[in-house]
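**Q** Chains as they are written, first to last, in the working numbering: chain Y, 1 to 143; chain R, 1001 to 1602.
None of these hints come from the bench; they were simulated from the model. One or more hints might be untrue.
[Stated by the list, open to error] Straight line, CA to CA, 20 Å or less: simulated SDA-like cross-link-like pairs of lysine to any residue:
(1) Y/K101 - R/E1348
(2) R/K1187 - R/S1219
(3) Y/K31 - R/E1186
(4) R/K1345 - R/E1375
Please read all numbers here as calculations on a predicted model, not as lab measurements.
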Amino acid sequence: MPSYVIPDKCDGCKALDKTACQYICPNDLMKLNKATEKAYNQDPDMCWECQCCVKICPTQAIDVRGYADFMPLGASVVPMRSTDSIMWTIKFRDGSLKRFKFPIRTTEEGKAVPDGGFAKHSDINSPELYTEPASSGGPIAKL
Amino acid sequence: MNNWETVVVETDLLIAGGGMSACGAATEAAYWAKANGLKVTLVDKAAMDRSGAVAMGLSAINQYVGIARGDNTANDYVKYVRQDLMGVCREDLVYDIARHVDSSVHLFEKWGLPIWLDEEGNYVHEGRWQLMINGESYKIIVAEAAKNAMAELGDNGEIYERVFITGPLLQDGKCVGAVGFSTREEKFYVFKAKTTICAMGGAVHVFKPRSTGEGFGRSWYPPFNTGSSAYFTLAAGAEMTCQEVRFIPIRFKDAYGPVGAWFLLFKARATNAFDGEYMVERRPELEKWLPYGKVKPIPANLRNWLGMLDIFEGKGPIYMRTEEALQRIADEYKDDPKAFKKKSKELESEAWEDFLDMTISQAMLWAATNVNPEEKPSEIAACEPYFIGSHSGASGAWISGSEDLQTAETKGEYFWGGYGLTTTPGLFAIGDASGASSHKFSSGSHAEGRMAGKAAIRYILANNTAPVVDDATIETLRDKVFKPMVTFEEHKGATTDPNVNPNYIRPRQFMYRLQKIMDEYAGGVSANFSTNNKQLDRAMELLTFLKEDSEKLAAENNYELERCWENLHRAMQAESHVRTLMFREETRWPGYYFRADMPTMD
Ligand SMILES: Cc1cc2nc3c(=O)[nH]c(=O)nc-3n(C[C@H](O)[C@H](O)[C@H](O)COP(=O)(O)OP(=O)(O)OC[C@H]3O[C@@H](n4cnc5c(N)ncnc54)[C@H](O)[C@@H]3O)c2cc1C
Ligand code: SF4
Ligand code: SF4
């Protein structure tokens, strides 16, 4: 299901110093065509169709079309990701629709506290990691 | 390339990779580094928010031991792993990860990962060790905690994204950092470090995938984990382990959607095209693989094997009987139409979320072929082989265990530094990069990263000297890194089509050649996962030509340079695999590979 970019919707992330899709693709596939100021997938058959680019695009300009070598045409799976949930719209080849919404996190974005609020210790020679045993809920097993 | 700037970064601890294990390492190391005034630098070729195997998200945490709640002990986990890998595992490592993993899971929950809870507020299990999650943002959340931890170091915490690590920086047999290049700017990077943690995942596309058209990238294992860990540790001279243990998962066919929830949560059966259930009909075959054929749960590779035998006998396709499983669950509610409706909705949403959280294209494939799982079954199949030390594979570097977990017999052999130290001084390995500690998955990899993060800081305090690397070494490495670009520039005018040129090979064709060799001679999909000594000799012969031709890899730009280096890394993993396959004169994991000339277990 390689990603593709809808030209009318892509604004090349004008306001940013780097485009969102290029920033996020774990396989470095999204590229900006400098002349047209539109993004494209430079190597579609290396695409994992993880949809990371789709989820991050500020103008919903990216979609995916199922890998043509094994998927019949006509379906789509479209995410809408917000700060605490994601909504999926699935369109079947026969036209039927399904919609699902799932939570994605329980805390405010950016606010993950590394120690999780667990008690810390300062013994670098002990087998306990710095939030243990508090974060384990009990003592660390030893021989 | 000659005008690319050389950027030298000096640091105390270098973390190469930004995935689950690297995030664990950064989170823990930052704390101890801060207490001791040390610097930590993390380098990822992608963006940490969505890098590595968890980029898309996951629908389950596959390792939770529940020690404090009395569910299981660390020893229970060791027993499970040893059996699943047919007796091959480092018990001290598996035990160590098991005793720390719950702590990582509890941190994930605090950081904001939604873990399913039942009415009493207990975690919902998918299986004995697996927890159900709403895991679309799993990686974002874990990376966020790591980044926040690094931020607490101020100037002593540095993160480089979009820098591709090509290999180690070595001095007198010691690892003193790494080199790489920016995939965004014209910069060559030299990271000089007192200690380095290698955490760059496993390898895919070493073997030919089943789909070779547009679906080439839809391997189960993400196309962006390319053997960089194996290359890095091998190039640094570290001893490796379990290089013969590839991992072959059974997944929904073609889109490779997960089957765990279907087997474990929904208790679905797998049957062949004639309604035969290989797990029942082929039970006698398990007698051949004792004692492991008789253990519960039956090892993953033996389950694979029974299904493969059906395929070899022409009984395919194999189906996951989703319709049966959902019907059976629905039947339990048949006298209560309201509860039935609620349960059906719940099941439908659980089934689809499983795919949407971690294999979106499987949802697409169902939609494209009008599949409703409650109505009809879906095909499952064995994937092509992967190298991954953290899932149900075991390949990786041979590492030191923790001192307090050694017995009198193991101490000499299994402990020579802190947790995760390889046999190369100054180099640690974690996650998919460390071997013989299978089944650590996302959570265990994170925990292992934390263990090594603490051990590495302790190691630095004990070996606190800044590396001195001479300029000549750096120049040689620089030339090596950019050679494919020089080759392209030098010869590009020799033909009218830059793809076909007698003077060089482009990375894509190089990869196709590698995959063809591995697939046909080293037991890939088209060889029915079978090989023998003669096939392996032939593989080595052809790999030797490939290695010679690697000198002629050509890259037009830095995107292609990245692809060249990924394939150099893959080729190293391939050679290491073939050599080790030759060495193990038996068939031990028949559902991972079959040595036709040595068809039984020793
Ligand atoms: C499809 C799939 C499904 C899975 N499902 C589950 C599940 O349901 N539950 C579960 O608990 N576990 C699951 N796992 C296992 C889990 O994802 C892994 O165990 C875990 O991610 C391993 O962590 P790691 O740090 O070793 O590698 P990764 O998390 O893959 O990280 C590798 C990192 O290295 C970086 N990198 C690679 N090469 C280079 C280079 N040359 N230079 C710089 N950086 C580089 C990558 O960008 C990435 O940041 C699944 C894995 C896969 C592939
Ligand atoms: S993120 Fe969207 S708008 Fe921005 S460049 Fe990519 S496709 Fe265009
Ligand atoms: S779907 Fe994933 S792999 Fe494909 S281009 Fe988008 S981010 Fe990259």
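**Q** Each of the hints needs a verdict: does it hold here or not?
**A** Cross-check of the supplied hints:
{"no.": "1", "hint": "Y/K101 - R/E1348", "verdict": "12 Å, holds"}
{"no.": "2", "hint": "R/K1187 - R/S1219", "verdict": "31 Å, violated"}
{"no.": "3", "hint": "Y/K31 - R/E1186", "verdict": "16 Å, holds"}
{"no.": "4", "hint": "R/K1345 - R/E1375", "verdict": "14 Å, holds"}
Violated hint: 2 only; the structure is consistent with all others.
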